[in-house]
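Novice: The primary structure of each chain is shown beneath.
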Amino acid sequence: MTVTEPKTSGGVIGTRMLRKEDPSLLTGESKFSDDLVIPGALYIALLRATVAHARIVSIDTSAAKSSAGVVAVYTYDDLKDDWAGPMPCAWPVTADMKNPAHFPLANGKVNYVGDGVAVVVANSKTAAIDAIEAIEVEYEELTPVLDLEDSVSDSTVIHQDLATNSSYLWELIPNKDAVDEAFSNAVHTVEERYIQQRLIPAAMEPRSLVVVPAPFGGDFTVYTSTQIPHILKVMLALTLGISETKIRVIAPSVGGGFGSKLNVYAEEVLALAIARKLRKPIRWTEERTENALATIHGRGQVQDIELAADANGKITAVRVNILADMGAYLQLVTPGVPLLGAFLYHGVYDIPNYSFSCTGVFTNKTPTDAYRGAGRPEATYAIERAVDALARKMGVSAIELRRRNFIPKEAFPYPSAAGLTFDSGDYAANLDKALSILDIEPILAEKQARIDAGSTKVLGVGLSFFVEMCGLAPSRVLASLNYGAGGWEAATVRILPTSKVQVVTGTAPHGQGHETSWSMIVADKLGISPDDIEVLHSDTAIAPYGMDTYGSRSLSVGGSAIHLATEKVLDKARAIAAHQLEVSADDLEYSNGTFAVKGSPEKAYPLAAAAFEAFTAHNLPDGMEPNLEASVTWDPPNFTFPYGSHFAVVEVDTETGKVELVRYLAVDDCGNRINPLIIEGQIHGGLVQGIAQALYEEASYDAAGNLLTSTLADYLVPSATEFPFFELDHTVTPSPTNPLGVKGIGEAGAIASPPAIINAIIDALSHLGVSHIDMPASPQRVWETINNAGK
Amino acid sequence: MFPSSFDYVRASSVAEAISILANEEDAKLLAGGHSLLPLMKLRLASPSKLVDIGRISELSYIEDRGEYVAVGALTRHRDLEVSAVLGSSVPMLSHVASLVGDPSVRHRGTIGGSVAHGDGASDLPAAVLALDATMVAQGPNGTREIPASEFFLGFLETALEEGEILTEIKVPKIHGGWSYQKFNRRAQDWAIVGVAAVRNGSTKVSLVNMGSMPLRALATEAAMNSGASISDAAALAAEGIDPPADLNASADYRRHLASVLVKRALEEASSS
Chain W
1 MTVTEPKTSG GVIGTRMLRK EDPSLLTGES KFSDDLVIPG ALYIALLRAT VAHARIVSID
61 TSAAKSSAGV VAVYTYDDLK DDWAGPMPCA WPVTADMKNP AHFPLANGKV NYVGDGVAVV
121 VANSKTAAID AIEAIEVEYE ELTPVLDLED SVSDSTVIHQ DLATNSSYLW ELIPNKDAVD
181 EAFSNAVHTV EERYIQQRLI PAAMEPRSLV VVPAPFGGDF TVYTSTQIPH ILKVMLALTL
241 GISETKIRVI APSVGGGFGS KLNVYAEEVL ALAIARKLRK PIRWTEERTE NALATIHGRG
301 QVQDIELAAD ANGKITAVRV NILADMGAYL QLVTPGVPLL GAFLYHGVYD IPNYSFSCTG
361 VFTNKTPTDA YRGAGRPEAT YAIERAVDAL ARKMGVSAIE LRRRNFIPKE AFPYPSAAGL
421 TFDSGDYAAN LDKALSILDI EPILAEKQAR IDAGSTKVLG VGLSFFVEMC GLAPSRVLAS
481 LNYGAGGWEA ATVRILPTSK VQVVTGTAPH GQGHETSWSM IVADKLGISP DDIEVLHSDT
541 AIAPYGMDTY GSRSLSVGGS AIHLATEKVL DKARAIAAHQ LEVSADDLEY SNGTFAVKGS
601 PEKAYPLAAA AFEAFTAHNL PDGMEPNLEA SVTWDPPNFT FPYGSHFAVV EVDTETGKVE
661 LVRYLAVDDC GNRINPLIIE GQIHGGLVQG IAQALYEEAS YDAAGNLLTS TLADYLVPSA
721 TEFPFFELDH TVTPSPTNPL GVKGIGEAGA IASPPAIINA IIDALSHLGV SHIDMPASPQ
781 RVWETINNAG K
Chain S
1 MFPSSFDYVR ASSVAEAISI LANEEDAKLL AGGHSLLPLM KLRLASPSKL VDIGRISELS
61 YIEDRGEYVA VGALTRHRDL EVSAVLGSSV PMLSHVASLV GDPSVRHRGT IGGSVAHGDG
121 ASDLPAAVLA LDATMVAQGP NGTREIPASE FFLGFLETAL EEGEILTEIK VPKIHGGWSY
181 QKFNRRAQDW AIVGVAAVRN GSTKVSLVNM GSMPLRALAT EAAMNSGASI SDAAALAAEG
241 IDPPADLNAS ADYRRHLASV LVKRALEEAS SS
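Listed in order, the protein sequences are those of chains W and S.
Numbers 1 to 791, taken from UniProt numbering, label the letters of the first sequence in order.
Numbers 1 to 272, taken from UniProt numbering, label the letters of the second sequence in order.
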């Protein structure tokens, strides 16, 4: 496919249309799971492990059972026959991957603080929570395994039946000898170790669910705050042994996910099991502290990266070894997250020799899984910091070194040494544009002037040039990675009798504005108002097919399916029009909602008439089915590869160690742009989360495995106050891999920004001898780094 | 994040609140709720009854009384922030109030609630300490005045006795320079370390989050009042003080920050 620009007729694509979702969200009309009024519902609450690693000696639930308002109290033993199998992990990355049995409640042993131990069912939320406090658990504590290198040593094995803490070793080493040779011939090398701290996704809406059983039919409606209603339906059916036809999953308004709701959680399985057992609606909404403890964490890696380069700084090889923290169990796609970055450790550079390996290890901490960027922020951070380290070592500018190594625009589609085909790009042009906006010379002059004057407020400039792979994903590629599902997306476009349009999508928006963007795609093609289009989604009874929303896939895969379905339905309308006008369909041109005979515009037939004709079916062409509807399921031929230059300018107070972000410039290339307003919103949100990783956030544990950052007073999610106005611009290199020419933008900010910030801090402090700092660059850490650099 | 169950009663006057407190062993006063309710949600506090004094309008005022400004205990942070009286006579108090929490906290929280809570990490207790304010308390035995220097006694512990209500804070007008240095990572947070400095004849310096309660930097004050240089005085900021350690700062880093911030505060207070 070589479409370079979307075929527009309506002039809607590319406009800054306000989001259709916002009035109902802003007025509180939108309903989230916890807002739903379900008569007769019972509430559940979980008793969670307060120790990181222990055998359960005894659980005494007798006092809780007699507590006011309590209906039932269950432990693992009470419910072990209520599910058909353990919690699902859909991504067995290797044939011999070790996957511990993971049940919604702990089976004799707890493996992280937050692990479910017992569940109370009560007639009010407070009664359930009060009863939790009455449950007595006796633990026999075991040594907690918290450090990744400690874990891999197997000095204490968490899951004894697996006999090791290593879940898997996954390697991507196309030619080991060539990599070794490149390193032995190298003139310059760097060898760096970086830490990707654990992060808490902290979606604004915590997880929340209501399971409503039909008392006689045996059907269940599961309302849940999820990114994946379709996948969840399949997984719940398999895990609980309930027919898929008996489960309807609805994701009402969902207040953010960032990957943390791309999962099948214990509470979803428990609520469904208990609803089936008691034949009552069951509801649960996570508390903020539970969100920190029992919703997945992101990142958690130790990264060793080496670069080999020739005398000119041309990088000849990259070698990467990762230790990845799985946490206590494998959640839905836990083991695969590092693999989403495994192909990108050469970044935007033409590096011929590639070696990547990753060992996934268990720890006595909250399970990890996908968090905004999932694997790609880690890869981008490692290569973009290592390239800066190489530039410092060679004494050349980090900008110049990047230019020497860029994949040239003539090389696209570019076959990478890691085995991917990069779709399109012009990296040098993007960097040129960013530099023209940044105006770096005065900043560098000011930086030097402050050093010369002995100022305690020093400046630094950091660059991150990122590329990511998104648009998950070609199903055959997923098969080669052992992923347990496809990567296609489904769409139906239905023109109703009154010519209003229904769009049914398998994507599951939770803040991305799909109702707006999908309306725009269809409106543009049909030449009608976006207001005349309704987007239906996130209900498996209404939109039965879908692969849901994650991995910056929804526009490039789901949007493309909608675009193609719109073309298909328009072809049918064209056939009706041709039949009515008694001309050949090829003789018709279509604009602004009307078919007209080429050269004879007075011979016209409106789309609305075709819609009504399809409804009455009084005079359709022979053999044509009534109704004006088309469905397309689209499997993308390749990933898409968005990229861009991100520059950070920081001021570091060398007395206190505090870093102030002075400027942040992002010049992104996400291919063709459907709604710039939504794109900018996505970039802003991604930047804030990425910069938060660089400066603020870390899930911290004490030596006993207690999470120290279990409230939002301790886990430092920054607010708007902490940020400057972001400077955004863009280049446009359409993707040739999908009919819209789009690439994806949901994760870009979070992927690009951490190394830009850290590179800027190191730049600001390099005259003091600083060449490394880990994230988050807290004031104390910066202060200590400065102190230690002098020694 | 859900408190234990409790009874709730709304008092319409100070006298009524005092009488309810006298008859209920485990009752707590509720003003703006921004100190007590978080503790209750974490179940670190479980009072049997909350006596809501938040709507007693007679305790919300800012009045110029000549040598000092009288601030009613239920005056909200936002009102301190925008007060013309404070703006001209005690601008530091307005400035400090503007740095508390976030806008929703400042529109709910009260100066009396914050001072009576006595949190060593809060801004306003340290501010009233450096300002040498006087607390006015009413109880079953009448009204008494407590100087700020005798008000804070320990971790969340003040000189208020059982059944007493803090009703007013008398804040001397500032005739010299002042500075408030709040160091934190996010604007909405408690200070990692904060410093209030007031040069009102003598120099008073108080410290935020350097101990279990708001503290005076006594060594620094003594040095300043005996003519030492700002640098020398600031180096003594943490003398005799054993600061806490937490995720944001080790004790050593806190001592270092205290010196840096005291120096900045004294420089600013001396230049204004």
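Bear in mind the hints are in silico, worked out from the structure with no lab data behind them.
Hints are not guaranteed to be accurate.
[Said to hold, decoys possible] Cross-link-like lysine-lysine pairs, in silico, DSS-like; alpha carbons within 30 Å at most:
no., chain 1, residue 1, chain 2, residue 2
1, W, Lys125, S, Lys49
2, W, Lys109, W, Lys125
3, W, Lys280, S, Lys41
4, W, Lys277, W, Lys314
5, W, Lys31, S, Lys41
6, W, Lys125, S, Lys41
7, W, Lys65, W, Lys280
8, W, Lys393, W, Lys433
9, W, Lys277, W, Lys246
10, W, Lys65, S, Lys41
11, W, Lys572, W, Lys598
12, W, Lys65, W, Lys277
13, W, Lys598, W, Lys500
14, W, Lys176, W, Lys393
15, W, Lys20, W, Lys568
16, W, Lys125, S, Lys173
17, W, Lys80, W, Lys393
18, W, Lys80, W, Lys109
19, W, Lys31, W, Lys433
20, W, Lys65, S, Lys49
21, W, Lys457, W, Lys433
[What the hints assert, rightly or not] Residues from chain W shown here face chain S by an in silico Cβ test under 10 Å; the list is partial:
no., residue
22, Thr15
23, Met17
24, Glu21
25, Lys125
26, Phe612
27, Thr656
28, Leu695
29, Glu698
30, Leu708
31, Thr709
32, Thr711
33, Ser719
34, Gln780
35, Trp783
For glycine and all other residues, C-beta sits at the position ideal for the given N, C-alpha and C.
Novice: Work down the list of hints and note, for each, if the structure agrees.
Specialist: Cross-check of the supplied hints:
1. Straight-line distance between C-alpha atoms of lysine 125 of chain W and lysine 49 of chain S comes to about 20 Å, which keeps the hinted pair within the 30 Å bound.
2. Restraint check: the Cα-Cα separation between lysine 109 of chain W and lysine 125 of chain W comes to about 27 Å, which is no more than 30 Å; the hinted pair holds.
3. Only pairs whose Cα atoms come within 30 Å are accepted, and lysine 280 of chain W paired with lysine 41 of chain S is accepted, the gap being roughly 29 Å.
4. About 65 Å separates the Cα atoms of lysine 277 of chain W and lysine 314 of chain W, which puts this hinted pair outside 30 Å; it is violated.
5. For the given pair, lysine 31 of chain W sits about 25 Å from lysine 41 of chain S by alpha-carbon distance, which is consistent with the 30 Å threshold.
6. Of the pairs offered as hints, the one joining lysine 125 of chain W and lysine 41 of chain S holds, with about 14 Å between alpha carbons and a cut-off of 30 Å not exceeded.
7. Proposed proximity of lysine 65 of chain W and lysine 280 of chain W is supported: the alpha carbons are some 18 Å apart, at most 30 Å.
8. Of the supplied pair hints, the one linking lysine 393 of chain W and lysine 433 of chain W holds, its CA atoms being roughly 27 Å apart against a limit of 30 Å.
9. Restraint check for lysine 277 of chain W and lysine 246 of chain W: the C-alpha separation of about 15 Å stays at or below 30 Å, so the hint holds.
10. A hinted pair counts as satisfied when its Cα atoms are at most 30 Å apart, and lysine 65 of chain W with lysine 41 of chain S qualifies at roughly 24 Å.
11. For the proposed pair lysine 572 of chain W and lysine 598 of chain W, the alpha carbon gap of about 18 Å is at most 30 Å, so the pair holds.
12. Note on lysine 65 of chain W and lysine 277 of chain W: the hinted pairing holds, with a Cα-Cα distance of about 17 Å set against a maximum of 30 Å.
13. For the hint linking lysine 598 of chain W to lysine 500 of chain W, the alpha-carbon distance of about 26 Å falls within 30 Å, and the restraint holds.
14. A C-alpha spacing of about 26 Å is found between lysine 176 of chain W and lysine 393 of chain W, which places the hinted pair at or below 30 Å, so the restraint holds.
15. Restraint check for lysine 20 of chain W and lysine 568 of chain W: the C-alpha separation of about 25 Å stays at or below 30 Å, so the hint holds.
16. Taking the CA atoms of lysine 125 of chain W and lysine 173 of chain S, the gap is near 51 Å; set against the 30 Å cutoff, the hint is violated.
17. Among the hinted pairs, lysine 80 of chain W with lysine 393 of chain W is inconsistent with the structure: their alpha-carbon atoms are about 59 Å apart, more than 30 Å.
18. For the hint pairing lysine 80 of chain W with lysine 109 of chain W, the CA-to-CA distance comes to about 14 Å; that is within 30 Å, so the pair holds.
19. Distance hint between lysine 31 of chain W and lysine 433 of chain W is unfulfilled; the C-alpha atoms sit about 43 Å from each other, more than 30 Å.
20. For the hint pairing lysine 65 of chain W with lysine 49 of chain S, the CA-to-CA distance comes to about 27 Å; that is within 30 Å, so the pair holds.
21. A C-alpha spacing of about 29 Å is found between lysine 457 of chain W and lysine 433 of chain W, which places the hinted pair at or below 30 Å, so the restraint holds.
22. About 34 Å separates the beta-carbon of threonine 15 of chain W from the nearest beta-carbon of chain S, more than 10 Å, and the hint is not met.
23. A distance limit of 10 Å between C-beta atoms decides the matter here; for methionine 17 of chain W the minimum to chain S is near 30 Å, and the interface restraint is violated.
24. Because the smallest distance between the Cβ of glutamate 21 of chain W and any Cβ of chain S comes to about 24 Å, over 10 Å, the interface hint for this residue is violated.
25. A hinted interface residue such as lysine 125 of chain W counts as satisfied when its beta carbon comes closer than 10 Å to some beta carbon of chain S; here the least separation is about 7 Å, so the hint holds.
26. Below 10 Å, beta-carbon pairs count as interface contacts, and phenylalanine 612 of chain W has none with chain S, the closest being about 53 Å; its hint is therefore violated.
27. For the restraint placing threonine 656 of chain W at the interface with chain S, the shortest Cβ-Cβ distance is roughly 6 Å, inside the 10 Å limit, so the hint holds.
28. For leucine 695 of chain W, the interface hint holds, since its Cβ comes within 10 Å of a Cβ in chain S; the closest pair sits about 8 Å apart.
29. A distance limit of 10 Å between C-beta atoms decides the matter here; for glutamate 698 of chain W the minimum to chain S is near 8 Å, and the interface restraint holds.
30. Among the interface hints, the one on leucine 708 of chain W holds; its C-beta lies about 6 Å from the nearest C-beta in chain S, closer than the 10 Å criterion.
31. With its C-beta approaching chain S no nearer than about 7 Å, threonine 709 of chain W sits inside the 10 Å limit, and its interface hint holds.
32. A hinted interface residue such as threonine 711 of chain W counts as satisfied when its beta carbon comes closer than 10 Å to some beta carbon of chain S; here the least separation is about 8 Å, so the hint holds.
33. With a least beta-carbon distance of about 6 Å to chain S, the hint placing serine 719 of chain W at the interface is held under the 10 Å criterion.
34. Taking 10 Å as the C-beta cut-off, the interface hint given for glutamine 780 of chain W holds, the closest approach to chain S being about 5 Å.
35. Because the closest C-beta pair between tryptophan 783 of chain W and chain S is about 6 Å apart, less than 10 Å, the hint holds.
The structure does not agree with the numbered hints 4, 16, 17, 19, 22, 23, 24 and 26 stated previously, though it agrees with the rest.
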